[in-house]
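Q: Residue strings, one per chain:
Number of protein chains: 2
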Amino acid sequence: LRLVFPPPGCRYVSKAAPQAQVEFDFSGPSMKTAVPGPRSQNMSLSQNVGAINFFCNYEESRGNYLVDVDGNRMLDIYTQISSIPIGYNHPALLKLMSNPNNLSTLVNRPALGILPPENFPDKLTESLLSMSPSGMTRVQTMACGSCSNENAFKAMFIWYRNKERGHNTPSEEDLSSCMVNQAPGCPDLSILSFMGAFHGRTMGCLATTHSKAIHKLDVPSFDWPIAPFPRLQYPLEEFSRENAQEEARCLEEVEDLIVKWRQKGKPVAGIVIEPIQAEGGDNHASPDFFKSLRNIARKHGCAFHVDEVQTGGGATGKMWAHEHWGMDDPADIVSFSKKLLTGGYYHRDELQPYRIFNTWMGDPSKNLILAEVLNVIRRENLLEEVTRSGKALLNGLYDLQAQYPGMLSRARGQGTFCAIDICDDATRNSILLKARDKGVLLGGCGDRSIRFRPSLVFKEYHVHIFLNIFNEVLAQHK
Amino acid sequence: LRLVFPPPGCRYVSKAAPQAQVEFDFSGPSMKTAVPGPRSQNMSLSQNVGAINFFCNYEESRGNYLVDVDGNRMLDIYTQISSIPIGYNHPALLKLMSNPNNLSTLVNRPALGILPPENFPDKLTESLLSMSPSGMTRVQTMACGSCSNENAFKAMFIWYRNKERGHNTPSEEDLSSCMVNQAPGCPDLSILSFMGAFHGRTMGCLATTHSKAIHKLDVPSFDWPIAPFPRLQYPLEEFSRENAQEEARCLEEVEDLIVKWRQKGKPVAGIVIEPIQAEGGDNHASPDFFKSLRNIARKHGCAFHVDEVQTGGGATGKMWAHEHWGMDDPADIVSFSKKLLTGGYYHRDELQPYRIFNTWMGDPSKNLILAEVLNVIRRENLLEEVTRSGKALLNGLYDLQAQYPGMLSRARGQGTFCAIDICDDATRNSILLKARDKGVLLGGCGDRSIRFRPSLVFKEYHVHIFLNIFNEVLAQHK
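Chains A and B are the protein sequences, given in the same order. Counting in UniProt numbering, the first sequence runs from 1 upward without gaps. Counting in UniProt numbering, the second sequence runs from 1 upward without gaps.
Do not take every clue at face value.
Which copy? The list can't say, so a pair holds if one copy fits it or any two copies do.
27 Å max Cα-Cα, derived DSSO-like pairs, lysine-lysine [said to hold, decoys possible]:
1. K95 x K123
2. K318 x K123
3. K163 x K212
4. K299 x K260
5. K212 x K266
6. K264 x K299
7. K434 x K478
8. K318 x K291
9. K478 x K266
10. K434 x K391
Since the hints were made in silico from the structure, they are not lab data.
Only chain A is shown next, with the shape it has when bound in the complex (with noise of 0.2 Å):
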């Protein structure tokens, strides 16, 4: 791959790659072939392909480096969707997991809910419990960020029909009719979601969800209000009174919703909502919307629920997205998965967790992991490089926004987690693909944006390599 360089002046230029840091990473990419090339064309899987990719060779992939079966190397800003803390094979992780005392966990995966094993509250504690929200002292884990949000769905209903009934004993005629599906056991409550919202795809959560038609067709659902997310406009500085009043718009809607559906007999148990709205296409809010967002789920009696599976862990430059609002009692929910290796979810103690409960109930081997990324994470001050990278790769892309208004807009992030609007979807998807033929792995979000998701490792250097890789690819576009 040959590196264009971008005319002088913009200043992602100036920045050289500190050699120390790159002991366990590569110096760029480095590409062989088109992607996906031949071995990865001639691999076949029984599986659902239409969505694959390239098949990848995971021992060769270092730091922020994916490598493929054909030996191409690509500076991954996509991370598996979003999933990787801290880069591939960090050395860290090796040695964790070739500690022979840690086999145990590997091969004897317990039913975690009445079997826990003796280090488990240890590595709770120096994992979830040692990054708890404001506010929360319990957490409860679970095997992927779906059933997270289910969980902490019901968790938010039981609370609701408790605070209902005034105390925690149910009914004959609640008992009774539960088993059939129908009311008073099985109430008709809802959960006020947002459009653009993206909550998983089993059936509870995907009553939330509505980011992608694709996502929601021919499943059944649940007649739940769905309230506008705010429609920012940028520059924010330029827009400062149209978005305030866009904000306080969809606030409003939430609070009619809310009467509305107590009116229907459905009454609204739970909010939910994204601190960034990832998948709906990176939208966000100020810190006020969340504020009187929460303080109107309070004022109504609502269960307000946090999801940071995809913006926890760390990208933001705050382990939660939610500690950029400033509250100290910003939810009480906060679902997690992703980033932090095993799902789960961190409640006030009200929402109590008696009757949340399945086989696996998350996997301590996730816990272990977890534990030593939380190490690194803190050893090598990532949450204050995401913060440093950010603002060079926000800037690298306001610079480029400049350089080609017609094709790009709206860039914006917190830390990492940054974004940028393209013309349109045929574009954005050749863009897409233009940059990993040229070994670069971004994903989209939402109809037209480009969403960058690096992992805690990606540096300054990254962002440039990045930067001189995508200004090239966009004069092609030009």
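Keeping the supplied structure of chain A fixed, place chain B upon it in accordance with the hints.
A: The following block gives chain B in isolation, referenced to the frame of chain A:
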């Protein structure tokens, strides 16, 4: 622990443990304290603590024996809710996980649906595809049992709607209405399930689960049809006429419900059933019942989903419980998890998986372990062993039932997947605790049953160890 031997004449007295097989096993239970012991009681967890039995020392556990943090060693006939395939710390698995070539699989979890590892097709062929149910050549992995069933339901809904349309192309109205949870995009389709069924606890699964009120209470559900599952009378040979009538009654009700729900505008897209209702009380039905049900599904254009999450993986003496039906075309979908270590489902080609997707789509590290588990099952002829141990277990239960007619009834099972009823709930629970204090871990199911769920390395001599202790416990309750 003092082993009290049963009265002479009991057929299980004479069998001694063949020492050759004990290499990685202990010789018997060894109890130092009551359970939970003082160390377990002193440990705490910020998680849901209500259900925790005790804390475990998985490092010291081996084969059929689970060791707790107080040094108690128990014969495990519940195996983490039926999810440990070949006992604790099997040497073959320890060796596999010590192999440095497998490190990368442990630390780099891919988004399998888009970027599978190079060896994934081989690992699938070696593992899941080497045991495909008859008529099925495709498999989709998932993270857990609930996700497996949720996605199987979705596959059936999508298949049904495409059949209704006559093609795979949704209308504009389909696409726009589904975004707001409304028909026709989110159609009013249903899944027919059975009273006593357990298919998981996420919201789609939970609408087909009807085993205990506490699973369902307070969670909104779907108005889906629920058929009676046959309640067979035992001993089967004495009640063959009554049982045939009971099964015919249930099948008739299934057809009535399918017609009724079609008339209600909520057509049945699929029927889901366990080959043996496990959580619901180890309820069995005859192969003829399942054959007729399969035909009813076909006749009415419903997909037929066999949930083998608990029954799959060898415990019935065959890899799949539905193999006992002797059908070439037993199902359209077969879901699994637990002993298979990864969740997932097999499906017939017609049930296309193109819209089934999530971030992880399973976990290749679990496929790796499963491939080795299958090697062990074949090498050690474990399915034959299970058949042999199962016969010994069931014969032992028949003997005890004859000895304690007021306390025990309805001994039943296939392979080691056995159960027996106790006179009442309170006695059942007391027996479970007393057996535990004497070094045998058992689980309950249904209202007053005990279910036996040993791993596949449970040999005849383990059966005799169990029967001796169980007899002692029963004698104390007499």
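Q: Give a verdict on every hint.
A: Cross-check of the supplied hints:
Proximity of K95 and K123 under a CA criterion of 27 Å is satisfied in both settings, with 17 Å inside one chain copy and 24 Å between copies. Proximity of K318 to K123 under the C-alpha cut-off of 27 Å is restricted to the intra-copy arrangement: shortest distance 22 Å within a copy versus 38 Å between copies. Taking CA atoms no more than 27 Å apart as the test, K163 paired with K212 passes between copies only; the shortest distance there is 22 Å, against 35 Å inside one copy. In this assembly of identical chains, K299 and K260 lie within 27 Å of each other by CA distance solely inside one copy; the values are 15 Å within and 43 Å between copies.
In this assembly of identical chains, K212 and K266 lie within 27 Å of each other by CA distance both inside one copy and across copies; the values are 25 Å within and 25 Å between. In this assembly of identical chains, the alpha carbons of K264 and K299 lie at most 27 Å apart only when taken from the same copy (19 Å versus 39 Å across copies). Proximity of K434 and K478 under a CA criterion of 27 Å is satisfied intra-copy only: 13 Å inside one chain copy versus 77 Å between copies. Taking the shortest Cα distances, K318 and K291 sit within 27 Å of each other inside one copy (18 Å), while across copies they are farther apart (57 Å).
Neither within a single protomer nor between protomers do K478 and K266 lie at most 27 Å apart by alpha-carbon distance, with minima of 52 Å and 52 Å respectively. When the C-alpha separation of K434 and K391 is checked against a cutoff of 27 Å, the pair qualifies only within one copy, where the shortest distance is 25 Å, while the shortest distance between copies is 63 Å.
Checked against the numbered hints given earlier, the structure breaks only hint 9 and satisfies all the rest.
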